[in-house]
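Spelled out, the chains give:
2 protein chains.
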Amino acid sequence: MKVAFIGMGTMGAAMALNILKAGHEVTVHNRTREREEPVAKAGARRAGSPMEAAQGADIVITCVSDTPDVEAVVLGENGIIQGARAGAIVVDMSTISPSVTRRIGAKLAKKGIRFLDAPVSGGSEGAQKATLTIMVGGDAADVAKTMPVLSAMGKSITHVGPSGAGQFTKAINQVIISGVYLAVAEGMTLGLKAGLDMEKVVQALAGGAAGSWVLNFRSTNMIKNEYPLGFRVRLHRKDVAIATEAARELGVFLPATALVEQIENGLISQGFGDEDMSAMARLIRKHSGLD
Amino acid sequence: MKVAFIGMGTMGAAMALNILKAGHEVTVHNRTREREEPVAKAGARRAGSPMEAAQGADIVITCVSDTPDVEAVVLGENGIIQGARAGAIVVDMSTISPSVTRRIGAKLAKKGIRFLDAPVSGGSEGAQKATLTIMVGGDAADVAKTMPVLSAMGKSITHVGPSGAGQFTKAINQVIISGVYLAVAEGMTLGLKAGLDMEKVVQALAGGAAGSWVLNFRSTNMIKNEYPLGFRVRLHRKDVAIATEAARELGVFLPATALVEQIENGLISQGFGDEDMSAMARLIRKHSGLD
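Protein chains in written order, with my numbering: chain X, 1 to 291; chain V, 292 to 582.
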């Protein structure tokens, strides 16, 4: 298929490479044009704008930083909406507001352009190894058409519901991990203060009701007080803000998530925004007199 | 081996039966004597007091409700300390205060009686099927001697450290599950308010960073707003109180755990204390206008 890919960040560039490898024709664009070069060397064409990239494409993927960036590349000057043909499918793989997602979809629909929201989890490692988890919202027929391209980027691809459902699912993911990281940080700190051998404790607990991905893969960071990437605090805080904004719109009570948002604000203020989000343990450790 | 078992509650009776099945000689005692009958029918002897049960035993197990109960059966009138021979090993499998555990161990040590703390997780199902997770604190030589009896009751048995370490590990377990249950309750409620098909959402998230035992096995309760047992709110609240008391003694900052303790107080006040602790979702759902 003819695929346009807008956004050559760490995630987007790796994902576009995997689409190329799967045998599709790929045209790329990035606001900072040099970032197109590595993917162009691997065989992609370059386009001067999102509009130009979208011309003639069957599928136009966006993977940019935040809600206003998606609005700009899709609906703005020289945006995708001006280049894409009727029947083309725009797939936004950024993590943005579910309600703005629905508005963008409605505007594209007026021109006959289809829209899917398909945010991912799995980080830069998942993007490189094509093992991303992809949560897709939109019409089933459009999801089916894009599946050959999505499956080039991810391992677990779930069509969760109509437009916006992918973004809501990603928001739910970020809400859940907020509380789980905090829970594990509290548990590890209690054990360290009690003088326990925490590797043994984690081993004793990992197979039971306290078991989680975070306990398996991030408790060691918290025990060592070292937070290599991972998933940056500032990116999670951005995603949590999307979730708490959605909660405000829908009237949802998220006390643990709100607490984590505040903890992350504090971490960013202190210069820890580019650490892995397991750095949440810094607050718990520090305020327990460990560091 | 000659084993005495004090406390024929739902957990203790099932655990004593499994020790019998493994071929050990078992003597049981319970404050309410009728509770001894089912295990006696299976071949156990009955004793009139903890002291009497402990006479001649190699290993004396206690599995009772709370810290004062352990103090009473071990150190009180007609207590284990008056019946057990020097060299016998007392194994407390209740969930109680780590600091009181160390004090009990010190008092027994003066009479040459050994002491292990070995709280469990895995619930009544784990007790029946002999699949409990057992977290053991104490001396390695004593742990080794009791292993034939412990392995009759549990699947995962970890010697986590010196006296009290088992109770601290259990407290860490209860701290971690506090935050994880709350996190999953918030995520499920956000999705329900957004109108998503939550079974699909759970399927999309379970394999990634948001994955946990609670998401796998308790999210359906929260989605359906039905909370069959499981693990009772009032028992978890008791254990969380042990953890927050330990945190007070050690100076540990546990904000999410404290929030959950308050939520559980509220649930118990409203008559939900005997539901599974996934009933935490009741507050989040209700306060989000779902129920």
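Treat the hints loosely; a few may be bogus.
[As the list claims (entries may be wrong)] Pair by pair, the computed Cβ-Cβ distance ranges are:
#, chain 1, residue 1, chain 2, residue 2, range
1, X, Q203, V, G562, 53 to 61 Å
2, V, E536, X, A206, 22 to 30 Å
3, V, A377, X, D197, 24 to 32 Å
4, V, M438, X, D274, 23 to 31 Å
5, X, A206, V, S356, 54 to 62 Å
6, X, R33, V, T422, 57 to 65 Å
7, V, G339, X, D197, 57 to 65 Å
8, V, G403, X, D274, 40 to 48 Å
9, X, R31, V, K420, 52 to 60 Å
10, V, G557, X, G251, 54 to 62 Å
11, X, T131, V, Q561, 41 to 49 Å
12, X, T131, V, P329, 27 to 35 Å
13, X, M1, V, S560, 27 to 35 Å
[As the list claims (entries may be wrong)] No more than 27 Å apart at the CA atoms, straight line, and that leaves these computed lysine-lysine pairs for DSSO-like:
#, chain 1, residue 1, chain 2, residue 2
14, X, K107, V, K484
15, V, K420, V, K398
16, V, K420, V, K446
17, X, K21, X, K41
18, X, K193, V, K398
19, V, K446, X, K200
20, V, K529, X, K193
21, X, K238, V, K491
22, X, K155, V, K491
23, V, K529, X, K200
24, V, K420, X, K200
25, V, K577, V, K491
26, X, K21, X, K2
27, V, K529, X, K145
28, V, K398, V, K293
29, V, K577, X, K129
30, V, K484, X, K238
31, V, K446, V, K529
32, X, K200, V, K436
33, V, K420, V, K529
[Claimed, not checked] Which stretches of chain V does chain X cover? Using the computed rule of at least three CB atoms under 8 Å from a CB of chain X, they are:
#, region
34, 327-337
35, 432-440
36, 450-461
37, 472-480
38, 547-560
39, 566-580
If you're looking for bench data, these hints aren't it; they were derived computationally from the structure. It should be emphasised that the depicted structure is a prediction, and the values quoted were computed from it without experimental measurement. Positions of the beta carbon are idealized from the N, C-alpha and C atoms, including for glycine.
Against the structure, the hints come out as follows:
1. Q203(X) x G562(V): 53 to 61 Å: Roughly 38 Å apart at Cβ, these two residues miss the hinted range, so it is violated.
2. E536(V) x A206(X): 22 to 30 Å: Given a distance of about 25 Å, which is inside 22 to 30 Å, the answer is holds.
3. A377(V) x D197(X): 24 to 32 Å: About 30 Å separates the Cβ atoms of A377(V) and D197(X), which means 24 to 32 Å holds.
4. M438(V) x D274(X): 23 to 31 Å: 47 Å, violated
5. A206(X) x S356(V): 54 to 62 Å: For A206(X) and S356(V) the Cβ distance comes to about 28 Å; the hint is violated.
6. R33(X) x T422(V): 57 to 65 Å: Given a distance of about 59 Å, which is inside 57 to 65 Å, the answer is holds.
7. G339(V) x D197(X): 57 to 65 Å: The hint (57 to 65 Å, Cβ to Cβ) is violated, given that G339(V) and D197(X) are roughly 41 Å apart.
8. G403(V) x D274(X): 40 to 48 Å: With Cβ atoms ~57 Å apart, the hint is violated.
9. R31(X) x K420(V): 52 to 60 Å: Holds: the Cβ-Cβ distance is about 59 Å, inside 52 to 60 Å.
10. G557(V) x G251(X): 54 to 62 Å: 20 Å, violated
11. T131(X) x Q561(V): 41 to 49 Å: The hint (41 to 49 Å, Cβ to Cβ) holds, given that T131(X) and Q561(V) are roughly 44 Å apart.
12. T131(X) x P329(V): 27 to 35 Å: 51 Å, violated
13. M1(X) x S560(V): 27 to 35 Å: Since the Cβ atoms of M1(X) and S560(V) sit about 59 Å apart, the hinted range of 27 to 35 Å is violated.
14. K107(X) x K484(V): With Cα atoms ~25 Å apart, K107(X) and K484(V) stay inside 27 Å; holds.
15. K420(V) x K398(V): Since the Cα atoms of K420(V) and K398(V) sit roughly 34 Å apart, the hinted pair is violated (cutoff 27 Å).
16. K420(V) x K446(V): 9 Å, holds
17. K21(X) x K41(X): 13 Å, holds
18. K193(X) x K398(V): Between K193(X) and K398(V) the Cα gap is close to 25 Å, so the pair holds against 27 Å.
19. K446(V) x K200(X): With a Cα-Cα distance of about 16 Å, the restraint between K446(V) and K200(X) holds, given a limit of 27 Å.
20. K529(V) x K193(X): 21 Å, holds
21. K238(X) x K491(V): At roughly 25 Å apart (the allowed maximum being 27 Å), K491(V) and K238(X) satisfy the hint.
22. K155(X) x K491(V): 16 Å, holds
23. K529(V) x K200(X): Measuring from Cα to Cα gives roughly 25 Å; hence the hint holds.
24. K420(V) x K200(X): Holds, because 24 Å separates the two Cα atoms, which is no more than 27 Å.
25. K577(V) x K491(V): This hinted pair holds, its Cα atoms lying about 23 Å apart.
26. K21(X) x K2(X): 13 Å, holds
27. K529(V) x K145(X): Cα-Cα ~54 Å, so violated.
28. K398(V) x K293(V): 23 Å, holds
29. K577(V) x K129(X): 42 Å, violated
30. K484(V) x K238(X): It holds: about 21 Å lies between the C-alpha atoms, which stays within 27 Å.
31. K446(V) x K529(V): Holds - the C-alpha atoms of K529(V) and K446(V) are around 25 Å apart, at most 27 Å.
32. K200(X) x K436(V): Holds, at about 20 Å.
33. K420(V) x K529(V): 25 Å, holds
34. 327-337: violated (count 0)
35. 432-440: violated (count 0)
36. 450-461: holds (count 7)
37. 472-480: It holds: at least three residues are needed, and the region 472-480 of chain V offers 7 whose Cβ sits within less than 8 Å of chain X.
38. 547-560: holds (count 3)
39. 566-580: Our answer is that it holds, as 5 residues pass the Cβ test (under 8 Å) against chain X, meeting three.
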